[in-house]
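There are 2 protein chains.
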Amino acid sequence: MTDSTPLSVAGVAALRAQGTPVPLGVAPSTSSDMFKSAHCYTKPKAKRWDHILSLEAKSRKVSTLKGAAKYLKNPGLISLGGGLPSPEYFPIEQISAKFPTPPGFSPEETRESGTVMTASKGDAKNGNSLYDLEVALNYGQATGAPQLLRFVTEHTEIIHNPPYADWQCCLNAGSTYGWDTALRLLTERGDYILMEEYTFSSAAETALPLGVNLAPLKMDEQGLLPESMDEVLSNWDEAARGARKPYVLYTIATGQNPTGATQSGERRKAIYKVAQKHDVYIVEDEPYYFLQMQPYTGADGPTPPPPASHDEFIKSLIPSYLSMDVDGRVLRLESFSKVVTPGSRVGWAVGCEQIIERFQRNCEVSSQHPSGIAQIVLFKLLDEHWGHAGYLDWLINMRMQYTNRRNMLVGACEKSLPTEVAHWVAPAAGMFHWIEVDWKKHPGLASGKTRDAIEEDIFQAAIQNGVLVSRGSWFTADKTTPEEKMFFRATFAAASADQIEEAIKRFGDALRVQFGLS
Amino acid sequence: MTDSTPLSVAGVAALRAQGTPVPLGVAPSTSSDMFKSAHCYTKPKAKRWDHILSLEAKSRKVSTLKGAAKYLKNPGLISLGGGLPSPEYFPIEQISAKFPTPPGFSPEETRESGTVMTASKGDAKNGNSLYDLEVALNYGQATGAPQLLRFVTEHTEIIHNPPYADWQCCLNAGSTYGWDTALRLLTERGDYILMEEYTFSSAAETALPLGVNLAPLKMDEQGLLPESMDEVLSNWDEAARGARKPYVLYTIATGQNPTGATQSGERRKAIYKVAQKHDVYIVEDEPYYFLQMQPYTGADGPTPPPPASHDEFIKSLIPSYLSMDVDGRVLRLESFSKVVTPGSRVGWAVGCEQIIERFQRNCEVSSQHPSGIAQIVLFKLLDEHWGHAGYLDWLINMRMQYTNRRNMLVGACEKSLPTEVAHWVAPAAGMFHWIEVDWKKHPGLASGKTRDAIEEDIFQAAIQNGVLVSRGSWFTADKTTPEEKMFFRATFAAASADQIEEAIKRFGDALRVQFGLS
Numbered sequence: 001m002t003d004s005t006p007l008s009v010a011g012v013a014a015l016r017a018q019g020t021p022v023p024l025g026v027a028p029s030t031s032s033d034m035f036k037s038a039h040c041y042t043k044p045k046a047k048r049w050d051h052i053l054s055l056e057a058k059s060r061k062v063s064t065l066k067g068a069a070k071y072l073k074n075p076g077l078i079s080l081g082g083g084l085p086s087p088e089y090f091p092i093e094q095i096s097a098k099f100p101t102p103p104g105f106s107p108e109e110t111r112e113s114g115t116v117m118t119a120s121k122g123d124a125k126n127g128n129s130l131y132d133l134e135v136a137l138n139y140g141q142a143t144g145a146p147q148l149l150r151f152v153t154e155h156t157e158i159i160h161n162p163p164y165a166d167w168q169c170c171l172n173a174g175s176t177y178g179w180d181t182a183l184r185l186l187t188e189r190g191d192y193i194l195m196e197e198y199t200f201s202s203a204a205e206t207a208l209p210l211g212v213n214l215a216p217l218k219m220d221e222q223g224l225l226p227e228s229m230d231e232v233l234s235n236w237d238e239a240a241r242g243a244r245k246p247y248v249l250y251t252i253a254t255g256q257n258p259t260g261a262t263q264s265g266e267r268r269k270a271i272y273k274v275a276q277k278h279d280v281y282i283v284e285d286e287p288y289y290f291l292q293m294q295p296y297t298g299a300d301g302p303t304p305p306p307p308a309s310h311d312e313f314i315k316s317l318i319p320s321y322l323s324m325d326v327d328g329r330v331l332r333l334e335s336f337s338k339v340v341t342p343g344s345r346v347g348w349a350v351g352c353e354q355i356i357e358r359f360q361r362n363c364e365v366s367s368q369h370p371s372g373i374a375q376i377v378l379f380k381l382l383d384e385h386w387g388h389a390g391y392l393d394w395l396i397n398m399r400m401q402y403t404n405r406r407n408m409l410v411g412a413c414e415k416s417l418p419t420e421v422a423h424w425v426a427p428a429a430g431m432f433h434w435i436e437v438d439w440k441k442h443p444g445l446a447s448g449k450t451r452d453a454i455e456e457d458i459f460q461a462a463i464q465n466g467v468l469v470s471r472g473s474w475f476t477a478d479k480t481t482p483e484e485k486m487f488f489r490a491t492f493a494a495a496s497a498d499q500i501e502e503a504i505k506r507f508g509d510a511l512r513v514q515f516g517l518s
Numbered sequence: 001m002t003d004s005t006p007l008s009v010a011g012v013a014a015l016r017a018q019g020t021p022v023p024l025g026v027a028p029s030t031s032s033d034m035f036k037s038a039h040c041y042t043k044p045k046a047k048r049w050d051h052i053l054s055l056e057a058k059s060r061k062v063s064t065l066k067g068a069a070k071y072l073k074n075p076g077l078i079s080l081g082g083g084l085p086s087p088e089y090f091p092i093e094q095i096s097a098k099f100p101t102p103p104g105f106s107p108e109e110t111r112e113s114g115t116v117m118t119a120s121k122g123d124a125k126n127g128n129s130l131y132d133l134e135v136a137l138n139y140g141q142a143t144g145a146p147q148l149l150r151f152v153t154e155h156t157e158i159i160h161n162p163p164y165a166d167w168q169c170c171l172n173a174g175s176t177y178g179w180d181t182a183l184r185l186l187t188e189r190g191d192y193i194l195m196e197e198y199t200f201s202s203a204a205e206t207a208l209p210l211g212v213n214l215a216p217l218k219m220d221e222q223g224l225l226p227e228s229m230d231e232v233l234s235n236w237d238e239a240a241r242g243a244r245k246p247y248v249l250y251t252i253a254t255g256q257n258p259t260g261a262t263q264s265g266e267r268r269k270a271i272y273k274v275a276q277k278h279d280v281y282i283v284e285d286e287p288y289y290f291l292q293m294q295p296y297t298g299a300d301g302p303t304p305p306p307p308a309s310h311d312e313f314i315k316s317l318i319p320s321y322l323s324m325d326v327d328g329r330v331l332r333l334e335s336f337s338k339v340v341t342p343g344s345r346v347g348w349a350v351g352c353e354q355i356i357e358r359f360q361r362n363c364e365v366s367s368q369h370p371s372g373i374a375q376i377v378l379f380k381l382l383d384e385h386w387g388h389a390g391y392l393d394w395l396i397n398m399r400m401q402y403t404n405r406r407n408m409l410v411g412a413c414e415k416s417l418p419t420e421v422a423h424w425v426a427p428a429a430g431m432f433h434w435i436e437v438d439w440k441k442h443p444g445l446a447s448g449k450t451r452d453a454i455e456e457d458i459f460q461a462a463i464q465n466g467v468l469v470s471r472g473s474w475f476t477a478d479k480t481t482p483e484e485k486m487f488f489r490a491t492f493a494a495a496s497a498d499q500i501e502e503a504i505k506r507f508g509d510a511l512r513v514q515f516g517l518s
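In order, the protein sequences belong to chains U and A.
Residues 1 to 518, numbered by full-length UniProt numbering, are exactly what the first sequence covers, in order.
Residues 1 to 518, numbered by full-length UniProt numbering, are exactly what the second sequence covers, in order.
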C-alpha cells in the first residue's frame, strides 16, 4: 500500500500486517495513530482550538497515576504501584455470545445457524485472541480498548477518510455522554450554542442546566438552513444577548430527530462554509447515519435493489461533515445504538487530536472508559466474527430493513391520514416521520382555542384512540417564541407492520374527528 | 415478616414474594422503593438538602420524552412515540458466562466445575428469566435495570440498613463517574471541599478542573481526624479564603487510598457528629469496604479462621456512614471494581431520595445508564446464580484472599525493609500498604538536598532496582504546603506471592543504599 491510497475494506489486512501490533496487556496507552494508514499523514494538520476550550477543559491535567505508567516498560520491573486487582479475583471465567452469520441476519436464522464466539481468561497468552477476557474485566484507558479502537479507527477511515492528518477516535460511554462531555469541553455558563429549531430534546436538556442557551436555526425539508445560520451569526448583538457570538453548532445531519430531515451533500458544504466564515466548531451527532434508506418510490413502487457492493454502498452515503473537514473543526459523535445495540453504552467520538485529547482527559475522571464487558462483546462481533466486510453487510441489511419500515409507515399515512390537513415528506434516513398538521383549519380556532391547546387536543384525541405520537412542541429549541406550524413525530423503528398500519389509521381517525372531516 | 424486622439474607425470598414484581419490559421506571422491606418505612425521613444543591442540579428537569412514558400504561395503546429500536435488529441472540460455583471460587475450580448461565432474547416472555436479553440490549432508565437494582437495594439494606426511610439506590457507570456526578450536584466553582490530607489523586483531579478547591484534613493511623475537621470548619474565614465554609466531605473510610487507614466505628461516629455540627454532607467512597481483612497476627502468626456465618461476617464489618446516617446526609458510592470486576463499569450510589433523584436526572443526559451488557452479566452472576448468600460467600473468600496477600506483603516488609528508616502499620482493609520513610536520616540532607529531591531519589533508586512503588506526594490534597513526612505506597493487590517478596526486597535494598545502611 502506498501513501496515496485511502484505506478500503480490502486494504485492512495489509495495513494490520504492517502496522503496530495491538498491545495485549492491561490498560495500555494507545491512540488511533497506531491504526491509521500512512495515507492519513500525507494531509495537513488540523487548526488549533485553544480559543474555544472551556476553563474546565483547559484546567485538566494528565492523571498523576497514569503518568507513572511509563516506568512499566522497564524489563523485569515489578509493579507495586497501581491498584489494579488481580484477574484471579474476577469471578467471570468466560463470556460467549451468539451472533448472526452473514448473510443470515434475522433472529430466526441466528438461532438456527448463528456463530458462538467465546472470550476466556488467558486468551491472549494462549494465542486465541488479541483481546483477553482478563484485560476486558480490568481497568482500561479512557480511549477504550485498543482492540476495539483499532476497528472503529479503520471503520472511520474507510467511511469518512477525514481530510486532515491528526484525527483521533476515543471510545466513550455512548453519544449522550459524548455530547455532555463536548459541552463541558467547549462552553461556559452564559454561552449560546447553535441548534436546529426542532432538535432532540435530550440534547437541549443536557445543555440548559449548564447555563448554556440555545440559538435556534431555521430548517426546511433538508434540515438546517445555512442562510439562517449566517444570518444569526452575522447579526449577533453581544450587548443585547448578553453573550458572546456562538461558536458551537450542534447538528443531527442525517435523519434528524425529530424532523427526519437529511442534509444533502451540497447543504452540508454550504453549512461548513458558514462555519468557516464565522469560525464555528461543529458537533455532528450522527446515530442515524447508517439508517440512510433507499429512495422512496411510492406506497406501491418497487424498492430499488440494495447496493451491489461495499464500494457502491459507501458511495451511496451522503458525505459526513467529518469527510469534508479540512480545518479539523468537527467533532463527530458516533453511535452503535441504532445499528447494533443501545444497551452496550459504547460509542466513539472522532475529532482533531487537540480536542480528543481533552475529551479523553475528561473521561478519565468520569466514566473512565466504556464497559469492558460490552467492549469485548462488540469486539468479538465486529472484529473477530464479522470483520469490516461483515459489518458493512449488516449495515446494508439495516438499510433495507429500515427502508421497508419507512415504506410501511409512509404507505399507511397515504392510505389513512386526511390529506386535507396532514402533510409530510417521506424521510430519507433515520427512524422518524414528521407530519405537519394544518392547525389553522381546526374548528376550535373559531371558538378561541390557542394553537397550543389545539396541539394538546389532537395529542389527547390520538391517545384516546389508542396511539401515541410525539408532539412537535416537545422538540423546539426555543420555548419562548410561539410556533407557527404544528407537527407530530411518528417513529417506524419499533412497532410491527400490522401495528404501524393500525396506529396510523387510529391517528388518521383522531385527526378526522378533531377537524370535523368525514 | 413484620414491619420491625430488618432484612436478612434469609428474609429476601419472603420479601420478594410479597413485593412488587420486577417489571419485565423495556426501560421501565423503577426505584428502590419497589424492593425495600416494610421495616424501612418505620423510620423518619431524611432532611432536605436544597441549600447545598448546585445551580446546575437545581436547573435539571425531568426529561420531556420520559414524561410521555406514562401513557404507555394505557391498555392496547400502540406507541409510535419513543425512538427505541426493535430488538430484531440487535445482532446478539444470546450471551453466556461461566461463573464460580460456590465454594469453588478459584479460577481452576471454575474452569473445572463453573456454572454457565445464559441470557437469550425472549427469556422473559418464555418465563426463563426476569431479565430478558432484549431488554438489556435496549435503552434503559438512569436508575439501571430493575433486576439488578433490586439486588443492590436488598444488599444495601442487609449490610447497612440505613436509619431513615427514604433512601434510594441508583446504578451508575462506576464510582469515578459517581464522584464526578456528586461534584456537579453539590459544588460551584470557587467552593472548597474537605478531603483527607492524603487522598486518591484521581478524586482530587476530578474536582480541581471544576474550580473546586481542596481543604485537607489531618489524619492518623485511623485516617481522618474529627478534631482537624472541626478545627478547619470552626475557624473557616470566608473573607480570607474567598469562599464559603465547606459543606461537603469526601472520605474513603475503609482501606483508604493511599494510606490504607481504616476509620474505626468510634472514629466514624465522631466524624459524623462534626458533620452534623457544621451541617456537612458526606460522600463516602467505599470501593474497599469488603476488603476488610482478618486481624494481622504477625508474619508467622496464625490467620484467624474466616467468619463462621453470614451474620458473623456482616457483624465483623465496621459500620458504614450510611448505617449511622440519621439525617440522610451521606451519599455512599458503591463499587464492584475491587470485589467483582472493574471492567464492568457498574457501580451504584445510595443516598436520600432528594439527592438520588437529582443524581438520576444528571445520568439521564450523560451516561444514561450502565451498560446493559454488563448489567445482565452481573445479574446472572449475583442474582440468578449466587444470590445474596453466594455473594456473601464470595466476599468472605475475598476477605481471606486479601488477608493472605496483606500478610505476605507485611511479612516481606518485616523481613527486608530497614526498620532504621522505614515504618508502617499493617493495614486492616483495602489493597494498600503505606510505608513511612524517615527522610531526615537521608545523607543527602547534609549536602543540601530538599525533601522532595530525596523522595525523587528514593523513587528512582527503587525503579533502578526493578520495583515501582507510588510516591506519597502524588496523593497530597494540598500541593502548596510542604510535606513534613515522606511515604511510599505499595499495593498487594496485583503481584504474585513470589513477586511481592522479591519486590519488597528490591525496595529494601534501594533504601539501604540510599540511606547508606549496611
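Rather than coming from a laboratory, the hints here were simulated on the basis of the structure.
Possibly wrong hints are sitting among the right ones.
Said to hold, decoys possible - Derived EDC-like pairs: lysine to aspartate or glutamate, alpha-carbon spacing no greater than 16 Å straight-line: (1) U/125 - U/166; (2) U/415 - U/501; (3) U/245 - U/205; (4) U/66 - A/221; (5) A/485 - A/205; (6) U/61 - A/353; (7) U/43 - U/33; (8) A/58 - U/205; (9) A/47 - A/353; (10) A/61 - U/88; (11) U/479 - U/205; (12) A/66 - U/231; (13) A/441 - A/414; (14) U/441 - U/457; (15) A/45 - A/420; (16) U/58 - A/205; (17) U/47 - U/205; (18) A/245 - A/188.
Stated by the list, open to error - A short, non-exhaustive set of chain U residues, derived as facing chain A with CB atoms under 8 Å: (19) 41; (20) 56; (21) 94; (22) 97; (23) 490.
Here the structure is a predicted model, which means the values were calculated and not measured.
Just so you know, even glycine gets a beta-carbon here, dropped at the ideal spot from N, CA and C.
Violating hint indices (sorted, rising):
Violated hints: 1, 3, 4, 5, 6, 10, 12, 13, 15, 17 and 19; rest satisfied.
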